[in-house]
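**Q** Make a model of the complete structure from these sequences and hints.
Heads up: the sequence shown begins at 316 in my numbering, then just goes up one per residue.
One or more hints might be untrue.
[Stated by the list, open to error] Okay, derived cross-link-like pairs now, EDC-like style, lysine to aspartate or glutamate, Cα gap no bigger than 20 Å in a straight line:
no.	residue 1	residue 2
1	Lys384	Glu331
2	Lys388	Glu331
3	Lys336	Asp417
4	Lys387	Glu331
[Stated by the list, open to error] Quick list of simulated restraints, FRET-style, between CB atoms:
no.	residue 1	residue 2	range
5	Gln338	Pro404	20 to 30 Å
6	Ser411	Ile359	57 to 67 Å
7	Ala395	Asp417	30 to 40 Å
8	Leu374	Thr416	53 to 63 Å
9	Gln338	Leu418	32 to 42 Å
10	Leu352	Thr380	12 to 22 Å
11	Thr416	Glu391	37 to 47 Å
12	Asp327	Thr380	48 to 58 Å
13	Ser413	Ser385	38 to 48 Å
14	Thr416	Arg333	51 to 61 Å
15	Thr380	Cys360	21 to 31 Å
16	Arg398	Val348	41 to 51 Å
17	Val362	Pro405	37 to 47 Å
Honestly, the hints are just simulated from the structure, not real lab data.
Everything numeric in this text was worked out from a predicted model, so none of it was measured.
Even glycine gets a Cβ: it sits at the ideal position worked out from N, Cα and C.
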Amino acid sequence: MPTTYIINRAVDRPIEFRGLKAQYILYAGGILVGDILLFAILYICRVNSWVCVGVSFGLGGGGITMLYKSCKKYGEHGLAKKRAAGKVPPSIRCHSRSLFTDLNK
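**A** What follows is the structure, encoded as structure tokens:
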């Protein structure tokens with residue numbers, strides 16, 4: 316019997332796959348592809364196979380775990396909002412009143 320995955324539950328709800336919502340699914344795919352590339356690079360550099368497997372599973376598992384935690388903490392769009400809030404300057408300083416006095420012209 317083939318395994319069936321439920322991806323979308325309702326019309327207005329975001330895509331959810333095993334607890335990951337919206338853009339987190341794309342991030343998980345990126346982590347897994349990066350993990351496979353890291354394993355390939357380590358294997359081509361003739362690093363011991365068990366070390367390659369250990370590093371790949373460790374970093375991949377840690378990345379996916381952090382992704383699930385941030386998905387639970389920030390929600391569907393919260394991580395993007397957090398990154399955008401980091402780019403806002405803490406304060407805006409204006410040393411001249413001419414900016415405000417020229418608004419009426």
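**Q** Starting from the hint list further up, note which numbers the structure goes against and sort them upward.
**A** 3, 12, 16
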